[in-house]
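A.B. asks: When the letters of the sequence shown are read in order and numbered with our numbering, they come out as residues 14 to 182.
By construction, these hints were calculated from the structure, which means they are not laboratory data. One should not assume that every hint holds.
Stated by the list, open to error - Here are the in silico distance ranges between beta carbons for each label pair:
1) Glu126 <-> Asp168: 38 to 48 Å
2) Arg170 <-> Gly130: 38 to 48 Å
3) Asp68 <-> Asp168: 11 to 21 Å
4) Leu129 <-> Gly169: 37 to 47 Å
5) Thr123 <-> Asp168: 37 to 47 Å
Where a beta carbon is used, it is the ideal one built from N, C-alpha and C, also for glycine.
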Amino acid sequence: APAAEAISVWPRPQKVSEPGRESAQFARDPAAPLFVHASGCCAELLGEAFSRYADRIFWADGSSVPPLPHVLARAPGVRDDSTPPELSRCGSAPPRARFGSLEVAVASGTPTELQLGVDESYELELHADGGWLRAQTEWGALRGLETFAQLTQWDGRLYMLCGLPLALA
Numbered sequence: 014a015p016a017a018e019a020i021s022v023w024p025r026p027q028k029v030s031e032p033g034r035e036s037a038q039f040a041r042d043p044a045a046p047l048f049v050h051a052s053g054c055c056a057e058l059l060g061e062a063f064s065r066y067a068d069r070i071f072w073a074d075g076s077s078v079p080p081l082p083h084v085l086a087r088a089p090g091v092r093d094d095s096t097p098p099e100l101s102r103c104g105s106a107p108p109r110a111r112f113g114s115l116e117v118a119v120a121s122g123t124p125t126e127l128q129l130g131v132d133e134s135y136e137l138e139l140h141a142d143g144g145w146l147r148a149q150t151e152w153g154a155l156r157g158l159e160t161f162a163q164l165t166q167w168d169g170r171l172y173m174l175c176g177l178p179l180a181l182a
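Could you put together the complete structure from these sequences and hints?
C.D. replies: As structure tokens, this is what we get:
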């Protein structure tokens, strides 16, 4: 299957690099935030989004946000301890690295009104030790955060990113 079809995110990225074979673990650490606003506009809007997405990603840590229903779904007749398809790219080896943070850079220096034709594109680069999200507008950054959240997985013990390095656009 083409690389874009091998990544379980929606909406589908226009470009996806061939997923690698590394995986990274992460943990909720208030001293080392998962998301960092590196540059551009809309720090307050993005800060609120960072908080929402951290709660969605770390749902098994006692977050006040309940897990999304699809995260808990299992097919009938499948063992409870079987590996979900989204974790199959991780293999059986333990993660080699601890994911640091995702740095978010917005090219626009001023807020952009959401309207038909606004640029919502983004580039997301993930490596075992951290990553970058680059967008022209805050709307692209929000789309990229959604993609990142969909790529993170809970395997019953650890939060993981699989198939690294990975680049999406």
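A.B. asks: Hints first: check each against the structure and report whether it holds.
C.D. replies: Going down the list of hints, with the structure as the test:
1. Checked against the given bound of 38 to 48 Å, the beta carbons of Glu126 and Asp168, roughly 41 Å apart, stay inside it.
2. Checked against the given bound of 38 to 48 Å, the beta carbons of Arg170 and Gly130, roughly 45 Å apart, stay inside it.
3. Distance hint for Asp68 and Asp168: a CB-CB separation of about 19 Å, consistent with the stated range 11 to 21 Å.
4. The hinted window of 37 to 47 Å between Leu129 and Gly169 holds, with their beta carbons roughly 43 Å apart.
5. Our hint of 37 to 47 Å for Thr123 and Asp168 holds, since their Cβ atoms are close to 41 Å apart.
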